[in-house]
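Start from the sequences, fold in the hints, and give me the full structure.
Numbering (my numbering), first residue to last: 1 to 82.
Hint data in this document are derived by calculation from the structure and do not stem from the laboratory. Quick reminder that beta carbons are idealized off the backbone N, C-alpha and C, glycines included. Treat the hints with caution; some may be incorrect.
[As the list claims (entries may be wrong)] Now the in silico label distances, taken between C-beta atoms and shown as ranges:
#1 Y22 - Y68: 16 to 22 angstroms
#2 D35 - R55: 26 to 32 angstroms
#3 S2 - T66: 19 to 25 angstroms
#4 E51 - S13: 31 to 37 angstroms
#5 S13 - T74: 16 to 22 angstroms
#6 S2 - S67: 29 to 35 angstroms
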Amino acid sequence: DSLMLIYRLTVPSVLMPEITFYSSTQKFLDRSRADAAGDTVQGSLGVAPGEVFVRIRSFNYEASETSYTLVLSTSTAVALGN
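Here it is, written out as structure tokens:
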């Protein structure tokens with residue numbers, strides 16, 4: 001069984017973001033990079049049951065504090081773990 005993980009990473013115009021997904025065994029699953037600063041990174045990937053780890057990296061074109069928004073959803077309902 002697998003499900004579709006849908007992601008959308010929104011950043012300010014000074015950030016050039018990259019998002020990488022790994023399995024619970026540290027196996028690389030997928031990577032997506034912005035083409036330009038401020039671009040939204042979005043997509044989807046099929047994942048097996050279990051934990052998925054997300055790493056977000058970005059290059060900041062200004063020396064100021066910034067924030068980002070990451071939205072994750074699935075194609076089907078998922079039971080929450082403890």
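We went through each hint and held it up to the structure:
no., hint, verdict
1, Y22 - Y68: 16 to 22 angstroms, "holds, 19 angstroms"
2, D35 - R55: 26 to 32 angstroms, "violated, 19 angstroms"
3, S2 - T66: 19 to 25 angstroms, "violated, 34 angstroms"
4, E51 - S13: 31 to 37 angstroms, "holds, 33 angstroms"
5, S13 - T74: 16 to 22 angstroms, "violated, 30 angstroms"
6, S2 - S67: 29 to 35 angstroms, "holds, 32 angstroms"
The earlier numbered hints that this structure contradicts are 2, 3, 5.
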